[in-house]
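Required output: the full structure, derived from the provided sequences and hints.
Protein sequence lines correspond, in order, to chains D and X. For reference, each letter of the first sequence is one residue, going 10 to 249 in the numbering used here. For reference, each letter of the second sequence is one residue, going 10 to 249 in the numbering used here.
Hints listed in this document are in silico derivations from the structure and should not be mistaken for laboratory results. Hints should not be assumed to be uniformly reliable.
[To be verified] Here are the computed lysine-lysine pairs in the DSS-like style, where the Cα-Cα straight-line distance is at most 30 Å:
| # | chain 1 | residue 1 | chain 2 | residue 2 |
| --- | --- | --- | --- | --- |
| 1 | D | 26 | X | 121 |
| 2 | X | 246 | X | 26 |
| 3 | D | 107 | D | 184 |
| 4 | X | 107 | D | 107 |
There are 2 protein chains.
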Amino acid sequence: MIRCDCAVCTSSDPRDKRTRSSIYIETPECAFVVDTGTDFRTQALRENIWRLDAVIFTHSHTDHIMGFDDLRRFGSVRGYMPVYASRDTMNDLRRVFKFAFEAETQFPGYLKPEPHIVDGPFQLGATTITPLPVPHGRSPVNGYLFERGGKKLLAYLSDCSEVPEHIGAQITGVKVLVIDALRPNPHPTHLSVAQALEVAERVQAERAFFTHVAHELPHSAEADLPPHARIAYDGLKLEL
Amino acid sequence: MIRCDCAVCTSSDPRDKRTRSSIYIETPECAFVVDTGTDFRTQALRENIWRLDAVIFTHSHTDHIMGFDDLRRFGSVRGYMPVYASRDTMNDLRRVFKFAFEAETQFPGYLKPEPHIVDGPFQLGATTITPLPVPHGRSPVNGYLFERGGKKLLAYLSDCSEVPEHIGAQITGVKVLVIDALRPNPHPTHLSVAQALEVAERVQAERAFFTHVAHELPHSAEADLPPHARIAYDGLKLEL
Numbered sequence: 010m011i012r013c014d015c016a017v018c019t020s021s022d023p024r025d026k027r028t029r030s031s032i033y034i035e036t037p038e039c040a041f042v043v044d045t046g047t048d049f050r051t052q053a054l055r056e057n058i059w060r061l062d063a064v065i066f067t068h069s070h071t072d073h074i075m076g077f078d079d080l081r082r083f084g085s086v087r088g089y090m091p092v093y094a095s096r097d098t099m100n101d102l103r104r105v106f107k108f109a110f111e112a113e114t115q116f117p118g119y120l121k122p123e124p125h126i127v128d129g130p131f132q133l134g135a136t137t138i139t140p141l142p143v144p145h146g147r148s149p150v151n152g153y154l155f156e157r158g159g160k161k162l163l164a165y166l167s168d169c170s171e172v173p174e175h176i177g178a179q180i181t182g183v184k185v186l187v188i189d190a191l192r193p194n195p196h197p198t199h200l201s202v203a204q205a206l207e208v209a210e211r212v213q214a215e216r217a218f219f220t221h222v223a224h225e226l227p228h229s230a231e232a233d234l235p236p237h238a239r240i241a242y243d244g245l246k247l248e249l
Numbered sequence: 010m011i012r013c014d015c016a017v018c019t020s021s022d023p024r025d026k027r028t029r030s031s032i033y034i035e036t037p038e039c040a041f042v043v044d045t046g047t048d049f050r051t052q053a054l055r056e057n058i059w060r061l062d063a064v065i066f067t068h069s070h071t072d073h074i075m076g077f078d079d080l081r082r083f084g085s086v087r088g089y090m091p092v093y094a095s096r097d098t099m100n101d102l103r104r105v106f107k108f109a110f111e112a113e114t115q116f117p118g119y120l121k122p123e124p125h126i127v128d129g130p131f132q133l134g135a136t137t138i139t140p141l142p143v144p145h146g147r148s149p150v151n152g153y154l155f156e157r158g159g160k161k162l163l164a165y166l167s168d169c170s171e172v173p174e175h176i177g178a179q180i181t182g183v184k185v186l187v188i189d190a191l192r193p194n195p196h197p198t199h200l201s202v203a204q205a206l207e208v209a210e211r212v213q214a215e216r217a218f219f220t221h222v223a224h225e226l227p228h229s230a231e232a233d234l235p236p237h238a239r240i241a242y243d244g245l246k247l248e249l
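Spelled out as structure tokens, the structure:
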């Protein structure tokens, strides 16, 4: 974190160097990313991403959208970029990236978003993606459940202060749960480590990975977690 | 650049790894930054910046503003962050970062911008800063001239397709000119290398540094430039 010399911010463990939360999913049919935070270009270069067929947004906070324009390098492949977001998030994207949504002249190489409002499950290739609306303090945020062949492979809940019972029920038995665990202490808009562990147990996730982790939680704190719960880090890859 | 394996994008010269254009200026009285592009956090962490008293904007294109919210780590020191920009750029900042400009509840640690419309020269400590409106294709962009003790120390023209005669006259004799030089070939909204060299000569800059450089221009191309013209790189430091 800027202006901080705490043990985590000055740690030599590369897993303590964290950019903004996001996931990239490759399937046999297509590839997509959830959120394009401010670090999107850095992340795409670091992971040498060459394919991206769609983008899905959880919500419109700056740490999740400000890299949006860097999608132009993928959108230009086919001339447009499918963008999936709730109506409120899409409205914010339209306001912030007005030049892209309202462009009259289409310069080659510029981003041309193709908006898809998410108001229920949708398909990308053979993947069924179900929005999971959860509270992030007073803001609503979409988590997402990714299913293939009827199997609950992944639930992504990057920003939430609570996982209501009916959402927990939807993801029960999920293979991998990626879940907000900001820090050991409670926070008004994010889950704490203990709260994230409670959700992972309640939904009987095979494995849980903590994301949106702040500098109060060193990567080394993983040693104190049960074996099915791990702290995610930049560049972590999972095969499901 | 994303999705590119050209010689510059895969170069092992660290000076070929480029983040978005920006400068940070430290004076005995205060410190300020010109633009907070998408890489602002990355740059502030890399350079271990702990002090920032104000921010000045050239224009509102994404590569110059999208890191704005990361100013919160500096603004929180005194509770607000002075923001200098033309009226049009300020309007765009207000639209894009609505939550910061219009916040009703001030959470501690959130960014509270203090807007200053730039419509003529202004002072930050003992530095006189004069806006230099230049065309960036069809958009107007502010370059800036920085003077101390009546000396023209630095002119910053990060994005321009032309430097009109009257602007050239204002910066004639400047010690350091940092100027847009996108690539060898002409471009509708940026200067080429030859055009940037012409400006540097016309304004009799003691030294010129090229910025906003694209992957068509390897750092090694510096060898072909006259000795007073250099290609800037991430982390370059100058004492004036």
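Hints and how they fare:
no., hint, verdict
1, D:26 - X:121, "holds (27 Å)"
2, X:246 - X:26, "holds (16 Å)"
3, D:107 - D:184, "violated (38 Å)"
4, X:107 - D:107, "holds (14 Å)"
The structure shown violates just one earlier hint, number 3.
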